[in-house]
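*Asks:* What follows is each chain in one-letter form.
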Amino acid sequence: MELAMSNVEKELVSKILHIIKQEKVTLEEENVTNILTAFSEALEKRKVSKQFISIKEELERIERQIKVVKEEIVASSPDQISDQIVPQATSELNAVTKVTEKSTNAILDYAEQIQSLTKEISNENVLRQINDNIIKIFEACDFQDLTGQRISKVIKMLIDVEGRIEKLKMYSSNTESSGADDSDAKLMNGPQPEGLAPSQAQIDDLFQNIPINKSSNNG
Amino acid sequence: MSVNMNMNILIVDDYKTMLRIIKNLLAQLGFNNVDEATSGAAALERLREKHYDLVISDWNMEPMSGFELLKEIRKDEKLKKMKFIMVTAESKTDNVIAAKQAGVDNYIVKPFNTETLKAKLVTVLGDF
Numbered sequence: 001m002e003l004a005m006s007n008v009e010k011e012l013v014s015k016i017l018h019i020i021k022q023e024k025v026t027l028e029e030e031n032v033t034n035i036l037t038a039f040s041e042a043l044e045k046r047k048v049s050k051q052f053i054s055i056k057e058e059l060e061r062i063e064r065q066i067k068v069v070k071e072e073i074v075a076s077s078p079d080q081i082s083d084q085i086v087p088q089a090t091s092e093l094n095a096v097t098k099v100t101e102k103s104t105n106a107i108l109d110y111a112e113q114i115q116s117l118t119k120e121i122s123n124e125n126v127l128r129q130i131n132d133n134i135i136k137i138f139e140a141c142d143f144q145d146l147t148g149q150r151i152s153k154v155i156k157m158l159i160d161v162e163g164r165i166e167k168l169k170m171y172s173s174n175t176e177s178s179g180a181d182d183s184d185a186k187l188m189n190g191p192q193p194e195g196l197a198p199s200q201a202q203i204d205d206l207f208q209n210i211p212i213n214k215s216s217n218n219g
Numbered sequence: 001m002s003v004n005m006n007m008n009i010l011i012v013d014d015y016k017t018m019l020r021i022i023k024n025l026l027a028q029l030g031f032n033n034v035d036e037a038t039s040g041a042a043a044l045e046r047l048r049e050k051h052y053d054l055v056i057s058d059w060n061m062e063p064m065s066g067f068e069l070l071k072e073i074r075k076d077e078k079l080k081k082m083k084f085i086m087v088t089a090e091s092k093t094d095n096v097i098a099a100k101q102a103g104v105d106n107y108i109v110k111p112f113n114t115e116t117l118k119a120k121l122v123t124v125l126g127d128f
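Here the protein sequences line up with chains A and B, keeping their order.
Counting from 1, one number per residue, gives the positions in the first sequence under our numbering.
Counting from 1, one number per residue, gives the positions in the second sequence under our numbering.
A hint or two may mislead.
[Claimed, not checked] Here are the simulated DSBU-like pairs of lysine-lysine, each with C-alpha atoms no more than 30 Å apart in a straight line:
| id | chain 1 | residue 1 | chain 2 | residue 2 |
| --- | --- | --- | --- | --- |
| 1 | A | K67 | A | K50 |
| 2 | B | K83 | B | K16 |
| 3 | A | K156 | B | K92 |
| 4 | A | K169 | A | K156 |
| 5 | B | K50 | B | K83 |
| 6 | B | K118 | A | K156 |
| 7 | B | K23 | A | K50 |
| 8 | A | K156 | B | K16 |
| 9 | B | K23 | B | K118 |
| 10 | B | K71 | B | K118 |
| 11 | A | K136 | B | K92 |
| 12 | B | K92 | A | K186 |
| 13 | B | K71 | B | K16 |
| 14 | B | K50 | B | K92 |
| 15 | A | K167 | A | K70 |
| 16 | B | K23 | A | K136 |
| 17 | B | K118 | B | K83 |
| 18 | B | K78 | A | K98 |
| 19 | B | K92 | B | K23 |
| 20 | B | K118 | A | K67 |
| 21 | A | K186 | B | K83 |
| 22 | A | K136 | B | K16 |
| 23 | B | K16 | A | K98 |
| 24 | A | K153 | A | K169 |
| 25 | A | K119 | B | K81 |
| 26 | A | K98 | A | K169 |
| 27 | B | K81 | B | K23 |
| 28 | A | K153 | B | K78 |
| 29 | B | K81 | B | K118 |
| 30 | B | K81 | A | K102 |
| 31 | A | K169 | A | K15 |
| 32 | A | K153 | B | K16 |
| 33 | A | K186 | B | K16 |
| 34 | B | K16 | A | K119 |
| 35 | B | K16 | A | K102 |
| 36 | A | K167 | A | K56 |
None of these hints come from the bench; they were simulated from the model.
Go ahead and model the full structure; you've got the sequences and the hints to work with.
*Replies:* Okay, structure coming up:
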């Protein structure tokens, strides 16, 4: 005959659930082992229900999984990733931004010098063509801004990865505290991937059709 | 209504090369009274010290973004009627909607050319 869970068993399960739900308590190997020891002691003393046995088996499974995850984390050298690899990658990317900024400024310097020399040109047609090309040089130099923004995005992703590795190292199973909801920050995504960004004409279309809130302070 | 080509324009971007490019393009179009700010906070300070007719700002700046700068300007009794053009790589629908509802006068996505800049200036300021 199958036994229903006794009051003692129910109390024990309730205590376990309380521990698991408690804030800041991680389901570490030691906690699970201690719980399992309590179960084993209970089993030695009396007959127990099937539910009680299946909870024990589930906890044993969790204990084994924690051991495996622990070994995998150690094998991935998290310290090397967070202390060496990520900082090095961030530094290299920052260097790329600096170099492109320096080169872009050099290009703009020379373009401005050419511009100042055009005063010496009397041929209107040639003057117009040179000025048009100088404008195109200036327009093309915006690559530095866009590459810089993409690089910043990558750096932020790396920092996020580093943070997650730190958390893995600490074994935290709690959800992160999200802090204040900042919907403005969700609007800062930088340039879209190639092929996904809309054209100016599409943006203009969208812009024309957006109604203005009555509460906006548009002057 | 004719456009005052001597108007004061403030351009805001945390990338100095971008400020240089926009300033040069504005000069090509005939606008030579152009000041620069490299952050939203610096821009606000400038706006409170001197009269400007137009702000052209990037979005993606920290700690104060161009979007936050726009909202601050629209909250300020003395600044709220300032013309404001966003020039940004942020091209998602949510961004355009949020900016328009916050009171932006026009929206340019990067990369852009002089023709686009001129077209938006004409829309916001009038023919020149």
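*Asks:* Evaluate each hint against the coordinates.
*Replies:* Now for the hints, and whether the structure bears them out:
1. Simply put, K67 (chain A) and K50 (chain A) have alpha-carbon atoms about 26 Å apart, close enough for the 30 Å limit, and the pair holds.
2. Between K83 (chain B) and K16 (chain B), the direct Cα distance comes to roughly 22 Å. Compliance with the 30 Å bound is thereby established for this hinted pair.
3. Between K156 (chain A) and K92 (chain B) the alpha-carbon distance is near 19 Å, which keeps this suggested pair within the 30 Å criterion.
4. Between the alpha carbons of K169 (chain A) and K156 (chain A) the distance comes to roughly 20 Å, so the proposed pair stays at or under 30 Å and holds.
5. A hinted pair counts as satisfied when its Cα atoms are at most 30 Å apart, and K50 (chain B) with K83 (chain B) qualifies at roughly 15 Å.
6. Taking the CA atoms of K118 (chain B) and K156 (chain A), the gap is about 34 Å. The hint is violated against a cut of 30 Å.
7. Of the supplied pair hints, the one linking K23 (chain B) and K50 (chain A) is violated, its CA atoms being roughly 78 Å apart against a limit of 30 Å.
8. Our distance criterion of 30 Å between C-alpha atoms is met by K156 (chain A) and K16 (chain B), whose separation comes to about 21 Å.
9. With a C-alpha separation of about 13 Å, the suggested pair K23 (chain B) and K118 (chain B) falls inside the 30 Å cut-off, and the hint holds.
10. Pair hint K71 (chain B) plus K118 (chain B) holds up; C-alpha atoms about 25 Å apart against a cutoff of 30 Å.
11. Proximity of K136 (chain A) to K92 (chain B) is assessed by CA-CA distance (about 26 Å); at most 30 Å being required, the pair is judged to hold.
12. Among the hinted pairs, K92 (chain B) with K186 (chain A) is consistent with the structure: their alpha-carbon atoms are about 11 Å apart, no more than 30 Å.
13. Straight-line distance between C-alpha atoms of K71 (chain B) and K16 (chain B) comes to about 23 Å, which keeps the hinted pair within the 30 Å bound.
14. Distance hint between K50 (chain B) and K92 (chain B) is unfulfilled; the C-alpha atoms sit about 33 Å from each other, more than 30 Å.
15. Restraint check for K167 (chain A) and K70 (chain A): the C-alpha separation of about 13 Å stays at or below 30 Å, so the hint holds.
16. Distance restraint check for K23 (chain B) and K136 (chain A): the Cα-Cα separation of roughly 14 Å lies within the 30 Å cut-off, and the hinted pair is therefore satisfied.
17. Our distance criterion of 30 Å between C-alpha atoms is met by K118 (chain B) and K83 (chain B), whose separation comes to about 15 Å.
18. Distance check on the hinted pair: K78 (chain B) and K98 (chain A) sit about 38 Å apart at the alpha-carbon level, beyond 30 Å; violated.
19. For the suggested pair K92 (chain B) and K23 (chain B), the alpha carbons sit about 26 Å apart, so the restraint of at most 30 Å is met.
20. Of the pairs offered as hints, the one joining K118 (chain B) and K67 (chain A) is violated, with about 64 Å between alpha carbons and a cut-off of 30 Å exceeded.
21. Taking the CA atoms of K186 (chain A) and K83 (chain B), the gap is near 25 Å; set against the 30 Å cutoff, the hint holds.
22. Under the criterion of a C-alpha separation no larger than 30 Å, the hint pairing K136 (chain A) with K16 (chain B) is consistent with the structure, at around 18 Å.
23. In summary, the hint linking K16 (chain B) to K98 (chain A) is supported, as the alpha carbons are separated by about 12 Å, within the 30 Å threshold.
24. Of the pairs offered as hints, the one joining K153 (chain A) and K169 (chain A) holds, with about 25 Å between alpha carbons and a cut-off of 30 Å not exceeded.
25. Only pairs whose Cα atoms come within 30 Å are accepted, and K119 (chain A) paired with K81 (chain B) is rejected, the gap being roughly 39 Å.
26. Note on K98 (chain A) and K169 (chain A): the hinted pairing is violated, with a Cα-Cα distance of about 33 Å set against a maximum of 30 Å.
27. With a C-alpha separation of about 23 Å, the suggested pairing of K81 (chain B) with K23 (chain B) holds against the 30 Å cut-off.
28. Taken as a hint, the K153 (chain A) and K78 (chain B) pair is broken in the structure, with Cα atoms around 36 Å apart against an allowance of 30 Å.
29. Pair hint K81 (chain B) plus K118 (chain B) holds up; C-alpha atoms about 21 Å apart against a cutoff of 30 Å.
30. With a CA separation close to 37 Å, the supplied pair K81 (chain B) and K102 (chain A) exceeds the 30 Å bound.
31. With a CA separation close to 27 Å, the supplied pair K169 (chain A) and K15 (chain A) stays within the 30 Å bound.
32. At most 30 Å may separate the alpha-carbon atoms for a hinted pair to count; K153 (chain A) and K16 (chain B) meet this at roughly 19 Å.
33. Under the criterion of a C-alpha separation no larger than 30 Å, the hint pairing K186 (chain A) with K16 (chain B) is consistent with the structure, at around 25 Å.
34. Of the pairs offered as hints, the one joining K16 (chain B) and K119 (chain A) holds, with about 27 Å between alpha carbons and a cut-off of 30 Å not exceeded.
35. Between K16 (chain B) and K102 (chain A) the alpha-carbon distance is near 11 Å, which keeps this suggested pair within the 30 Å criterion.
36. Distance check on the hinted pair: K167 (chain A) and K56 (chain A) sit about 28 Å apart at the alpha-carbon level, within 30 Å; holds.
Violated hints, in rising order: 6, 7, 14, 18, 20, 25, 26, 28 and 30; the structure is consistent with all others.
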